[in-house]
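Student: Each protein sequence line maps, in turn, to chains A, B and C.
Under our numbering, the first sequence has 76 at position 76, and the numbering climbs by one with no breaks.
Under our numbering, the second sequence has 77 at position 77, and the numbering climbs by one with no breaks.
Under our numbering, the third sequence has 268 at position 268, and the numbering climbs by one with no breaks.
No wet-lab data here; the hints were simulated from the structure.
The C-beta atom is built at its ideal place from N, Cα and C for all residues, glycine as well.
A couple of the hints might just be wrong.
[Stated by the list, open to error] Chain C regions said to be covered by chain A (calculated; three or more residues, Cβ under 8 angstroms):
# : segment
1 : 9-20
2 : 55-64
3 : 93-101
4 : 157-168
5 : 253-267
[Said to hold, decoys possible] Chain C side only, calculated, beta carbon under 10 angstroms to chain A, not exhaustive:
# : residue
6 : L35
7 : P213
8 : G276
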Amino acid sequence: MSASPSPAGDAKVLDRADFESLFGVLTEEGYEVIGPTARDGAIVYEALGGVEDLPAGWTDEQDGGSYRLRRREDEALFGHNVGPNSWKGQLHPPDQLLWRAKRAADGDFEVEAGVAAEQPPRRAFLGVRSCDLHAISHLDDALLGFDHPDTAYAARRANVFVIAVNCGQAAGTCFCVSMQTGPRASAGFDLALTEVLDGDRHWFLVEGGSEAGERLAASLPLREARPEEVEAALAVSERTAGQMGRELDTAGIKELLYRNAEHPRWDEVSERCLTCGNCTMVCPTCFCTTDEDVTDLAGETAERRQRWDSCFTLDFSYVHGGSVRHSPKSRYRQWMTHKLASWIDQFGSSGCVGCGRCIAWCPVAIDITEEAAVIRATDGAGAPAAGGEEEA
Amino acid sequence: MKTIADLLPEIPLFEGLAAEQLELLAGCGRNVVAEPGEYLFREGTTADTFFALRHGAVGIEISVPGREPLVVQTLHPGEVAGWSWIFPAQPWSFSGRAIERTRAVSFDGACLRGKCEEDHELGYELMRRVAIVMAERLRFTRMQLLDIYGRGEAA
Amino acid sequence: MAAGGPAEAIVPRRFRVLANRRENEDTFTLELEGLDSPDPFEFEPGQFNMLYAFGAGEVPISISGDPAAPAPLVHTVRAVGAATRAICAAGPGDVLGVRGPYGSAWPDAAEDGVDALVVAGGLGLAPLRPALYSLLARSAGGGRLTLLYGGRSPEQLLFDAELERWRAREDIDVRVTVDTAGSGWMGAVGVVPALIEKVEIDPARTVALVCGPEVMLGFTIAALVERGLPPGAIHVSMERNMKCAVGRCGHCQFGPEFVCRDGAVFPYERVRRLFGLREV
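Looking at chain A on its own, in the form it has when it is part of the complex (with noise of 0.2 angstroms):
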């Protein structure tokens, strides 16, 4: 599946000189406004001043362990992908804290609430690719879905406008239509804009996701977007479709994986992996964290912070005695069975979103998709002979 059937309600068309004019509403709105910029070498999510901090005229080339900026011969706002960094950072921060301690008499201590306590700022989320909607929707299912809903995340969900935009290229690690998750943003975005660049004219169409979003796009310079317009936004979104970079079947893989646990590829692939956890990192569905205790030098003050964590790292699974998972193969191959298999257990949908990450992160190159592939097409391979499964 690729694009999408047609935006619906009214689409509107936004030109390209008026872009500005977004950002203007938006800090009316009280909105800190956070996009892409380029910086370092590379495409981050940081605040924003105006169109000016856009990368325009800037794409980037990913492939396995490589990523690199580009110029392009246009002057497109979102004419790359995605980088390092996703709204995972913004919605579920690296570091936290959780509560603080202090050391009171007798043997006592009290406790006072920390961050849960706080209201996050209102934040526009400008760029939003497809893919990263979806990891949105599935840290959502990860810190919201049970019985003790992740307060201080649900806060930061709710004072955030997202502004989808569906991208005009796709990058080589890209795979979002094999994750059916992608290129054309469907559902869980307040504003979707699609980038059209057709000779002297540069435009967006815009179209409303959420009342706050119809509110909003009410105060923009916008107009009716006329038929050909429309198809014209489609058609960037077929073309995108169609530049995939890799692709991964998903057919069947929960299984597939779950019943390859002792596959030698497992073994191939902890021969290159350095446990490094970048993959982690940049995952926008990667929610692990880990909760450390930290006191001050009198020992009178305690705090209980939140910070990211890897299932890469040694101790993650750490029980007294060991690790449960010591060697580097058992690590890898938890990441990736969670991330393909596990997940679909968990929440009811794989845990990739195909952004390719990664595959461009990766410092050795790993490539999920290749991975699932060689398993895929080696399915068995490595189980015991003769009928050794039955048990006890």
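Got chain A sorted already, so can you dock chains B and C onto it with the hints?
Tutor: The following block gives chains B and C in isolation, referenced to the frame of chain A:
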């Protein structure tokens, strides 16, 4: 009054053996009783007996210089002790000491070896069954060796 | 349940130590009373709390008291690291942090005619003790109750006095085995599977509750299945690294299961596939 042959079917090791075979084996056996604390057999002495426990409990002990003997296993009714008798002139590698008042059938090793030589089918069957017991003992001993209730590596 | 709202799930409540009793060389049983709430700490057998020692850290510890008498809150802790050493060193008057209760419960084997076979290894007797209390309290119509308990040595056994009291009762059959013993020990020496081989059970009406070191779980389950127990009748308590204890940090994952939320008590049938795998 029960004969030895009548008592043997109580012992799972002999389960399923034919009556004639049980008679043959019973010919090597006699009843023994040990009071609590008494040794049925001693580490280091020639192991030429094989015990099948009927009542009570026996502790398998290993002597450790400088301290009291360590009990590494207890045997209970239906279980058997000793396999060194299979090889002539082997010493017991552990002692068997009654924990409770214990009644057992004690088999003479030379007699058993003789019967096995005469009747190879019986011999094979007996060896096979003893091998199963030894395999389980080894399996259990390895579990004990793991010291699973210990503090683990990161003490 | 005495637990507060969602935000409170991550903030510990203060509990004062009333008593600290030594069980063996490195294991202690603590009795705690709540300072932030007067309510008794309601819990189900098999559940655990995150216990916090100021500045030292937080660890998951099963509740080891009687669910029918939830005050004081009872925990049996083994000192194996910085946090547990600090908790074990806490004396009457010291304050610890408590978050919980979390996790799943042992099955309620209170149905008439169901026999309960409780198999504990080492410290595993502590998470099972609440279930034993409940089973002992069930009406006379309840089925047979058997406790098989394996430990390292007679000195390492937990709850000595209680084991003696239970041994004297008619309604529970207690069998204890140790890995090694000196001459004073009158009980069995050997492994728990050896006890399982000999115990009288009717596999068609027995529910087994198993807790102990993970390597012991494997061969215990094998021995139970050998005795004819269907996998559906066996329940195990798993242990994994825990941080948040509310299913969000990802540390406790055991295959797709979150041990803090889907466990720690699991029907064996649910985790059978995972038991066959190493390093999962």
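Student: Compare the structure with each hint and give your call.
Tutor: Cross-check of the supplied hints:
Figure legend: the segment 9-20 of chain C, annotated as covered by chain A; annotation consistent (6 residues with Cβ-Cβ distances under 8 angstroms, at least 3 required). Remark: the segment 55-64 of chain C is confirmed as covered by chain A, as 4 of its residues place a Cβ nearer than 8 angstroms to a Cβ of that chain, reaching the required three. Residues of the segment 93-101 of chain C with a Cβ under 8 angstroms from some Cβ of chain A number 4, which satisfies the need for three, so the listed coverage holds. Look at the segment 157-168 of chain C against chain A: 0 of its residues bring a Cβ nearer than 8 angstroms to a Cβ of that chain, fewer than three, so the hint is violated.
Coverage of the segment 253-267 of chain C by chain A holds [criterion: at least 3 residues with CB-CB distance below 8 angstroms; count 5]. The interface hint given for L35(C) holds, since its Cβ lies 8 angstroms from the closest Cβ of chain A, which is under the 10 angstroms cut-off. Satisfaction of the interface hint for P213(C) is found here, the shortest Cβ-Cβ separation to chain A being roughly 8 angstroms, below the 10 angstroms cut-off. Because the closest C-beta pair between G276(C) and chain A is about 7 angstroms apart, less than 10 angstroms, the hint holds.
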